[in-house]
Amino acid sequence: MNHSLDHSHQDSDLFGLLYGFRFRPGEKGEQIDSATALAALQQPQAPEEFLWLHLNLAHAACERWMQAHLELPEEFFEALHEGSRSTRIEHVDSALLAVVNDVVFNFSSMVSSDISTLWVCARSRLLISARLQPLHSVDKLRSSVKAGEHFRSPLELLVHLLRDQGEVLTQIVRKTSISVDHIEDQLLSSRLSTNRAELGARAGYWCACNACWRWSRVRCCACSIAHRNGCKRKT
311 MNHSLDHSHQ DSDLFGLLYG FRFRPGEKGE QIDSATALAA LQQPQAPEEF LWLHLNLAHA
371 ACERWMQAHL ELPEEFFEAL HEGSRSTRIE HVDSALLAVV NDVVFNFSSM VSSDISTLWV
431 CARSRLLISA RLQPLHSVDK LRSSVKAGEH FRSPLELLVH LLRDQGEVLT QIVRKTSISV
491 DHIEDQLLSS RLSTNRAELG ARAGYWCACN ACWRWSRVRC CACSIAHRNG CKRKT
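Start counting the sequence shown at 311; every next residue gets the next number (the working numbering).
In case anyone wonders, no lab produced these hints; they're calculated from the structure.
Check the hints yourself; a few may be wrong.
As the list claims (entries may be wrong) - Estimated spans, in silico, between C-beta atoms of each pair:
no.: 1; residue 1: Leu497; residue 2: Ser463; range: 48 to 58 Å
no.: 2; residue 1: Glu340; residue 2: Leu497; range: 22 to 32 Å
no.: 3; residue 1: Leu498; residue 2: Lys338; range: 47 to 57 Å
no.: 4; residue 1: Glu381; residue 2: Glu358; range: 48 to 58 Å
no.: 5; residue 1: Glu477; residue 2: Leu380; range: 23 to 33 Å
no.: 6; residue 1: Leu497; residue 2: Gly393; range: 15 to 25 Å
no.: 7; residue 1: Leu497; residue 2: Thr346; range: 56 to 66 Å
no.: 8; residue 1: His379; residue 2: His401; range: 30 to 40 Å
no.: 9; residue 1: Arg398; residue 2: Glu340; range: 12 to 22 Å
For each residue, glycine too, the CB sits at the ideal point set by N, CA and C.
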């Protein structure tokens with residue numbers, strides 16, 4: 311068992327930190343644990359250095375910890391509890407607040423159709439993102455950071471996140487469109503088959519001599535004149 315991973319997981323569980331990154335000029339993001347994140351928040355940061363902390367609001371201590379250790383606008387905490395969760399970005403004092411309706415990350419499927427909310431606060435040296443459920447766009451942003459993509463500010467991280475969200479929504483629209491086309495094709499095919507069956511059921515033969523006016527689904531009726539002359543096809 312990897313005890314260092316267990317220790318990191320326990321530290322994260324103290325206040326709901328899912329993952330954190332420290333960014334320095336010209337370097338890729340360095341993943342940090344909760345203790346390192348807390349220390350970095352309490353001491354002066356180097357020029358152009360900034361943090362990204364992604365938090366789990368389902369953790370009982372998460373919101374209290376944010377209020378105690380992060381200098382976030384009161385509007386951020388109000389947004390966490392308001393009824394309306396429409397996607398928006400607001401400028402409050404020296405921070406940007408974003409409420410983003412993102413796609414829930416589905417471990418059994420590339421793209422889910424369930425939507426949940428992500429709350430974001432961007433300041434000059436700090437990006438805070440918080441959610442209740444795993445979200446697809448945030449996971450894409452973390453993958454970009456871990457892959458070594460460079461970011462110069464929290465604002466660049468936020469712009470990347472919104473772009474990722476747009477791409478995910480485009481995938482959902484494209485996937486839905488393909489599904490609708492497939493359903494329409496199936497309905498059309500079923501309708502054509504039904505129409506053919508109905509036409510076949512209605513087709514038959516009238517007596518050619520008009521003597522008995524008998525109707526039959528077989529080649530001809532039973533009268534002797536029809537046998538000689540044949541029956542007329544009705545369509």
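The hints, checked one at a time:
no.: 1; hint: Leu497 / Ser463: 48 to 58 Å; result: holds (51 Å)
no.: 2; hint: Glu340 / Leu497: 22 to 32 Å; result: violated (54 Å)
no.: 3; hint: Leu498 / Lys338: 47 to 57 Å; result: holds (52 Å)
no.: 4; hint: Glu381 / Glu358: 48 to 58 Å; result: violated (19 Å)
no.: 5; hint: Glu477 / Leu380: 23 to 33 Å; result: holds (29 Å)
no.: 6; hint: Leu497 / Gly393: 15 to 25 Å; result: violated (39 Å)
no.: 7; hint: Leu497 / Thr346: 56 to 66 Å; result: holds (58 Å)
no.: 8; hint: His379 / His401: 30 to 40 Å; result: violated (23 Å)
no.: 9; hint: Arg398 / Glu340: 12 to 22 Å; result: violated (31 Å)
Hints 2, 4, 6, 8, 9 from the earlier list are contradicted by this structure; the remaining hints agree with it.
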